[in-house]
Amino acid sequence: MTIQFPARPFPIRLAGLLMIPACLVASTGAALADAPVPNKGDTAWMLVATALVLMMSVPGLALFYGGLVRTKNMLSVLTQVMAIVCTVAILWVAYGYSLAFTNGGALNDVVGGFSKAFLAGVDASSTAATFSNGVVIPEYVYMAFQMTFACITPALIVGAFAERMRFSALMVFVVLWVTLIYFPMAHMVWYWAGPDALGDAAKAVAAATDPAAKAAAQTTLDAVSADAGMLFKWGALDFAGGTVVHINAGIAGLVGCLMLGKRIGYGRDLLAPHALTMTMIGAALLWIGWFGFNAGSNLEANGTTALAFVNTFVAAAAAALSWLFVEWAMKGKPSLLGMVSGAVAGLVAITPTSGFAGPMGSIVLGLVAGAACFFFCSTVKNTFGYDDTLDVFGVHGVGGIIGAIATGILVAPALGGTGLVDYLAKPGEAVAGHYDMAAQVLIQLEAVCLTILWSGIGSAILFKLVDLALGLRVPQEQEREGLDIAEHGERAYNY
Amino acid sequence: MNIVMAIIKPFKLEQVRDALSALGVHGMTVTEVKGYGRQKGHTEIYRGAEYAVSFLPKIKLEIAVPAALAGSVVATIAEHARTGQIGDGKIFVMPVDHAVRIRTGETDSDAL
Numbered sequence: 001m002t003i004q005f006p007a008r009p010f011p012i013r014l015a016g017l018l019m020i021p022a023c024l025v026a027s028t029g030a031a032l033a034d035a036p037v038p039n040k041g042d043t044a045w046m047l048v049a050t051a052l053v054l055m056m057s058v059p060g061l062a063l064f065y066g067g068l069v070r071t072k073n074m075l076s077v078l079t080q081v082m083a084i085v086c087t088v089a090i091l092w093v094a095y096g097y098s099l100a101f102t103n104g105g106a107l108n109d110v111v112g113g114f115s116k117a118f119l120a121g122v123d124a125s126s127t128a129a130t131f132s133n134g135v136v137i138p139e140y141v142y143m144a145f146q147m148t149f150a151c152i153t154p155a156l157i158v159g160a161f162a163e164r165m166r167f168s169a170l171m172v173f174v175v176l177w178v179t180l181i182y183f184p185m186a187h188m189v190w191y192w193a194g195p196d197a198l199g200d201a202a203k204a205v206a207a208a209t210d211p212a213a214k215a216a217a218q219t220t221l222d223a224v225s226a227d228a229g230m231l232f233k234w235g236a237l238d239f240a241g242g243t244v245v246h247i248n249a250g251i252a253g254l255v256g257c258l259m260l261g262k263r264i265g266y267g268r269d270l271l272a273p274h275a276l277t278m279t280m281i282g283a284a285l286l287w288i289g290w291f292g293f294n295a296g297s298n299l300e301a302n303g304t305t306a307l308a309f310v311n312t313f314v315a316a317a318a319a320a321l322s323w324l325f326v327e328w329a330m331k332g333k334p335s336l337l338g339m340v341s342g343a344v345a346g347l348v349a350i351t352p353t354s355g356f357a358g359p360m361g362s363i364v365l366g367l368v369a370g371a372a373c374f375f376f377c378s379t380v381k382n383t384f385g386y387d388d389t390l391d392v393f394g395v396h397g398v399g400g401i402i403g404a405i406a407t408g409i410l411v412a413p414a415l416g417g418t419g420l421v422d423y424l425a426k427p428g429e430a431v432a433g434h435y436d437m438a439a440q441v442l443i444q445l446e447a448v449c450l451t452i453l454w455s456g457i458g459s460a461i462l463f464k465l466v467d468l469a470l471g472l473r474v475p476q477e478q479e480r481e482g483l484d485i486a487e488h489g490e491r492a493y494n495y
Numbered sequence: 001m002n003i004v005m006a007i008i009k010p011f012k013l014e015q016v017r018d019a020l021s022a023l024g025v026h027g028m029t030v031t032e033v034k035g036y037g038r039q040k041g042h043t044e045i046y047r048g049a050e051y052a053v054s055f056l057p058k059i060k061l062e063i064a065v066p067a068a069l070a071g072s073v074v075a076t077i078a079e080h081a082r083t084g085q086i087g088d089g090k091i092f093v094m095p096v097d098h099a100v101r102i103r104t105g106e107t108d109s110d111a112l
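Sequence order for the protein chains is A and B. 1 is the number of the first residue of the first sequence in this note's numbering; add one for each residue after it. 1 is the number of the first residue of the second sequence in this note's numbering; add one for each residue after it.
In case anyone wonders, no lab produced these hints; they're calculated from the structure. Be careful, since some hints might not be right.
Some chain B residues judged to face chain A by a derived CB distance under 8 Å, without partners named [claimed, not checked]: (1) 22; (2) 44; (3) 45; (4) 46; (5) 47; (6) 51; (7) 53.
Just so you know, even glycine gets a beta-carbon here, dropped at the ideal spot from N, CA and C.
Based on the sequences and whatever the hints tell you, model everything.
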């Protein structure tokens, strides 16, 4: 798909990418002469944000999930989450970063290439673009920040088939899934040339005097504009990972729990959480870490970063109260698990729009997401009888879809949103772009549908392959004994 | 000799123990158990998944006493474990053939 710049207003803030190589920039000498240098404040904030996102996985997500399973499976969940984080971290620097955030040549719409495999060409002096002209951060920071997203996304999936999946099969599945589903998805949504590359190319067009030079400069600008992932070029907005992280993981989880089948005793035995205290601790760590996830996705420390921070705060609070009160009204009691589930649902929903919506819009989104996810986790799941153990689909899939679609609405300046940004109208400056709510919502819907199909079909194929090769599920007697003893040879609690 | 076995509500344990001490009972064995009788269980709800929990936590006391004391022990437990609500528990009295104190080798009533 080709794109006609500047016909389409460019959406600001798709968590962006590195500087385009200087060879693509028309006036190489001039570009190098005033190449921006990283700001220490931006760099410091992004390093902190990166560590915060890692804290979401371990220990946040691990404890959130761990508390929800039975005593006999506690360690299996902790082990799975941490092993996934470690595995993906290594894969990311080996080839994941390159597949997500480099030009993929003929396949560039869908996936990057191997030019930065093993971090080739990345060193302490290389920089990555942000969303502001003339602002860059060290590429190591950008790479590490994006690494934490790649680490947590497959870890989210394990909740859907907790208490029954074979560890070896899970590890093989995760390697395949991040390689074939996640890295391309991140490329499709977040890979672009960056504001400076676009601005420089557009300036060159404006500066060219004779027709031949103008045509050459326009060709360069078109190449820079086209050097982005497919969903980015559609104009799909995803500030911090509604499609890439949450819908992607939620759908993979739904497919996984359907293909593995229900746990023994599902719907008959007491399969209650063993330690909601730990779930509360985990959820609180997730909330805190999410400030790094969402506010960090602005890639620099400025007012939009603070906006994302505030939105993350209030959307989670609104959704927690929403679930709490809806459950209180429907089931008779206000539960802790309901409240923390609501908080996570709100955090998921605000993710794609955290830097686009205004705080009041975020509260409304949180209220809707809390109630909707409650409905899916209780009524819909019980009606269809699928055993999504820890509600990965009900919270991350549903919350992500609601948030991704709502992004198209809440970005509206009339609703307190930031509006879209056009980097080409005045090259070198980010100015307000044209925004059409119906068109933007349609683009968001298309992005959601593509993510559902991409993750759903891809995950189904990968689960099937791993099932044929290794078997996805532990034998019945091991499931009854518990995965801690059967798979890992240890138990969480000895007393 | 008798074993008095009583199933009582957990929060009544200290009150019963104090009353039995005053009566001259100087030892007992306590176990945390679950069970049900006429008292119904409760419902637990986790994200909309409802579970009927019919086994409720109780405390089981086992007290070995000389036969002469068994009646007053039963009466004391019955008095102090009582709330008047369903679920107060039950008391059983069983005969004991033989008893040994392991440290000294004393037997029967000397061992109690």
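Of the numbered hints stated previously, which ones are contradicted by the structure, given in increasing order? Those not satisfied come down to hint 1.
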